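Protein chains: 2
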Amino acid sequence: MDLARSLREIVGADRLSVTDADRDLHAHDDSYNEPVRPDLVVWPRSTAEVAEIARLANETSTPITAWGAASSAGGHVIPVRRGIVMDFEQMNRIVEVDHANFQAVVQPGVLRLDLEDHLSRQGLFFAPDPGANATVGGMIANNAAGVRALKYGATRDNVLGLEVVLANGSIVRTGSRSIKQSSGYQLTQIFVGSEGTLGLVTEATLKLRPIPSHVATAIVGFPTVEAAAAAVADIMGLALEPAALELLAADHLRWMNEDEATSFAEVPTMLIEFTDASATSVEERMEAAISICRDHGAIEVGAVTDHAERANLWRVRHGVRHRYRRRLAGGAWIGMDVSVPVASFAELVSYAIASAEQNGFPGAVLGHAGDGNLHLGLGYPPGDDDARSRAHLVSGLLVDKAIELGGTCSGEHGIGLDKRGYMTAEHGRAAVEAMRAIKTALDPHNILNPEKVLPEP
Amino acid sequence: MDLARSLREIVGADRLSVTDADRDLHAHDDSYNEPVRPDLVVWPRSTAEVAEIARLANETSTPITAWGAASSAGGHVIPVRRGIVMDFEQMNRIVEVDHANFQAVVQPGVLRLDLEDHLSRQGLFFAPDPGANATVGGMIANNAAGVRALKYGATRDNVLGLEVVLANGSIVRTGSRSIKQSSGYQLTQIFVGSEGTLGLVTEATLKLRPIPSHVATAIVGFPTVEAAAAAVADIMGLALEPAALELLAADHLRWMNEDEATSFAEVPTMLIEFTDASATSVEERMEAAISICRDHGAIEVGAVTDHAERANLWRVRHGVRHRYRRRLAGGAWIGMDVSVPVASFAELVSYAIASAEQNGFPGAVLGHAGDGNLHLGLGYPPGDDDARSRAHLVSGLLVDKAIELGGTCSGEHGIGLDKRGYMTAEHGRAAVEAMRAIKTALDPHNILNPEKVLPEP
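Which chain is which? The protein sequence lines are A and B, in order.
If you read the first sequence in the numbering used here, its first letter stands for residue 162, the second for the next number, and so on.
If you read the second sequence in the numbering used here, its first letter stands for residue 162, the second for the next number, and so on.
FYI, nobody ran anything at the bench for these hints, they're computed from the structure.
Some hints could be false.
One copy or any two copies: either way a pair holds, since identical chains are not told apart in the list.
[What the hints assert, rightly or not] Lysine-lysine pairs mimicking BS3-like chemistry, simulated, CA-CA at most 27 Å apart:
(1) Lys-562 x Lys-368
(2) Lys-312 x Lys-562
(3) Lys-312 x Lys-368
Nothing here was measured: the structure is a model prediction, and the numbers come from that model.
From just these sequences and the hints, can you work out the full model?
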């Protein structure tokens, strides 16, 4: 194969593979979508190599799919048009930590937990936390968010600048080290969330935060999920600026108790967290939030500030994906993600539970509630096509409802393959055409992660 | 003129003008740049009219320059290629205030102070505050920022969605009412800061905040500007999250005392403000900040929390532009704006003062210091070409220095005409070409505010 030979000239024989094993490993992400094997996998080690590969692919109209940890939830990195998978595993350096300016420069392949480790020793953290041990490049591609986005924003809000290789191999630097900037088109934000369809991120300058000196966490049980969701809107309405407001249906607590022999109350539950440089401020806010929860009929309240106790509470939230999966017993699932204005969150939650139950799914709702961001697990047994159709039906109904409420088909998972069909409903034809014009301008031969994000023309 | 006849069919005779008076009024902004009169001025009243005008202009390759309050500081709205000025004065409605979600939908012509008035009666505010009574459309075009950006971000961070008419007349809706969104390319942020070169904003959904219940403001005098700048880096390094950290050279205080018979200490001064839902938190933070200032040799400290006293302190800052201008006695000036990482702010300030003084300008520095954003007034007498050249020299030196320090040629004023020449130095050729590709994709006939933002090809 000519392409393989040319690529081998760029990266050497060690960092290119056409074996079935390597192609299989790069054929799927963390979703139910059918795997598709790329023709080959390359592991670049430098921006110059990425640029050379891009030029070669562009000349030969060969698709390139950028690859991080494959933890995406919607088919984002499945190389549906085959070609090259570019695995950034070997570009995983933390290039610089600029403590004085709270910034770090990293390569895209660095894993979130490795970065967290490295930064925590200096009293700093990078705020986005999607749960999975994603790569920073993957988080940038999908604009990952997670539990801390409520206070600190999504990945988008924590990236100051990028180095990006375009489809034609040119190397673009976006943004600057200045927090404030009003200098031309905001290229950084065009690439963040573009899921590898507009360019290949080879370096990122990230905004860091000092680890807050005071943290208070509470676990609050409610009689119904709806009561909890209503409390969320009131807490947000008081502008207490919580760092996290997580909602969990009772099932998640029951599964936790079953799997880990804990004894959490098996009721709809909210996790509330405040962080601050002032202990008093944290306490005052938590008191106000808990008082709102009581007004909404909270039946169980436990508040802690100790680090180990807090970590223990957070296990309730962080393990949900694994516990849910374990119960699928080999079945597949759709991990739904939609987001609405927070005042409509309770309505969305009620609708989600009702639609799921009517179609035979337990109401495994879960939400970054303060952001109006709802997750719903829709699992189905292997080979059960009927259940599979019903899962897709519920998923579709939920997206329609979110859009009707002024929201979005994805708060944080991104579009990938799964949500392409909703882009026009959410954004309208003119906006999708504007996006397509940008895609065509930056990637005229459509080599970068083709058939993702934008719907069929 | 055929164009005038066609436009009259769209907006009627009342809302189109070819008079010299109206063309003169729409020939300049708030900068030293030479005025250029447009061929005609139109005042649309609806998105549909804007779209019809755009279609007509696109077919005839007629430039359109969008017009707000003309308070831009770099020639942004001067119609250098003549054609149509589209004045949004009559599209100034506050369409909706969504109190539950802290959002407002407004037309682009609404004036910042009118919006502030309207919102304050509901306990809300829109955070960006560039000083001038700009229109919201103009603030979006330039990504305006101001004193509160330190805590609340620039306009960019406070716009959730837009309605935009493209050059071809198609009407695009960007973003959603959901705070969190990961759904396709971030079109909103492509248009914010694009200075009317990519589309015509006809409606905006803004993020609001509740007016904080507790505010503390301090005025701190320092022996030197450099000492004050050094204190800034330390306050930011402690992550106290100030809402404002403004630096003023001694001249500004002297001019204030002269003009308003006040008795402020005529020394380099910092204004510090903290806002919060908790009184204790505000006090604790202010105490920590003042203690840092004392470590840097602060010689005067006054702290207030009373509303009237705070307003009085802020007069020191808010009037600087007028007081500076008054002293120019008919001369012109360059209102410089550059921004750097905050740890390099002190170095930038020292450099600015030295360069200005060496070239015969008093050191009228001023800064949104917590953001690393420095302003410097470079005034010159009418007809003094030598002083004018020296002003441009200092301005250029300061931009070079800011870029060298990892910063930007504009923190908040934007590019307009003045900074086009620095785009390649700051962003590199490849990034500028990527910006140009986007411009060409969205405005192929280059009708929208031509000869702005991007350098000559």
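Against the structure, the hints come out as follows:
1. In this homomeric assembly, Lys-562 and Lys-368 come within 27 Å of each other (Cα to Cα) only across copies, at 22 Å, whereas the closest approach inside a single copy is 34 Å.
2. For the identical chains of this complex, Lys-312 and Lys-562 are intra-copy neighbours only, at 26 Å inside a copy versus 34 Å across copies, given an alpha-carbon limit of 27 Å.
3. In this assembly of identical chains, the alpha carbons of Lys-312 and Lys-368 lie at most 27 Å apart whether taken from the same copy (14 Å) or from different copies (15 Å).
The structure shown violates none of the earlier numbered hints.
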